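*Asks:* Protein chains in written order, with the numbering used here: chain F, 25 to 134; chain V, 42 to 155.
What the hints contain is simulated information worked out from the structure, not anything from laboratory work.
These numbers come from a predicted model, not from an experiment.
Virtual Cβ for every residue (Gly too), placed ideally from N, Cα, C.
One thing to keep in mind: the hints can contain errors.
Interface residues of chain V toward chain F, partial, derived using beta-carbon atoms under 10 Å [to be verified]:
hint: 1; residue: 77
hint: 2; residue: 84
hint: 3; residue: 90
hint: 4; residue: 95
hint: 5; residue: 97
hint: 6; residue: 100
hint: 7; residue: 104
hint: 8; residue: 113
hint: 9; residue: 128
hint: 10; residue: 135
hint: 11; residue: 140
hint: 12; residue: 141
hint: 13; residue: 145
hint: 14; residue: 146
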Amino acid sequence: GQNIDQPTEMTATEGAIVQINCTYQTSGFNGLFWYQQHAGEAPTFLSYNVLDGLEEKGRFSSFLSRSKGYSYLLLKELQMKDSASYLCAASPEYGNKLVFGAGTILRVKS
Amino acid sequence: SQTIHQWPATLVQPVGSPLSLECTVEGTSNPNLYWYRQAAGRGLQLLFYSVGIGQISSEVPQNLSASRPQDRQFILSSKKLLLSDSGFYLCAWSVQGALQETQYFGPGTRLLVL
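Next comes chain F alone, as it looks inside the complex:
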């Protein structure tokens, strides 16, 4: 089966750093995606990892360990607008489909 686990909720302070973890168990693996979804809106693509290591994009970084079935999204210099749900999704095999986690609701407080 396919399984994606991530924490349900997290709270962090404006200006701080937060790490959102994701573990996955899939029948195959062709990459790990992170999406951001503000309340009432559609998910927007943040990052993609297929090789082990850290990918950095401005304030956001994403890490992957294929051997451990583990990824994290790191958000630096948190801003109030970062309050959103963050969805982890794995591509279990080459050929179109993604398996999504339930999402982590991040609340940024001042």
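Assemble chain V onto chain F, guided by the hints.
*Replies:* Using the frame of chain F, we list chain V on its own:
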């Protein structure tokens, strides 16, 4: 650049009524197309995906159906809605054959079945 449209944005329908949600993509050819449903506070559930005109794969048994009458048009339908069909319906597209199969989402349709 590519854009994806969905309509209507919101819909309130009585139980037992029919449903038709439409999704269109601009600026790309032969995309993969997807329909997802997101219940309140839940993750995305893949309902259907399509790799070409008339080619539909269903992921979960349900009273919904999908059609792709044109390359960049994807339609989600039901003959008789159930209360459990309420949710946020998202259409997405991806580049067919790409190594990085990023999916890009439309704005969504919020459906409330009463």
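*Asks:* Among the hints numbered above, which are violated by the structure, and what are their numbers in rising order?
*Replies:* Those not satisfied are hints 4, 5, 7, 8, 9.
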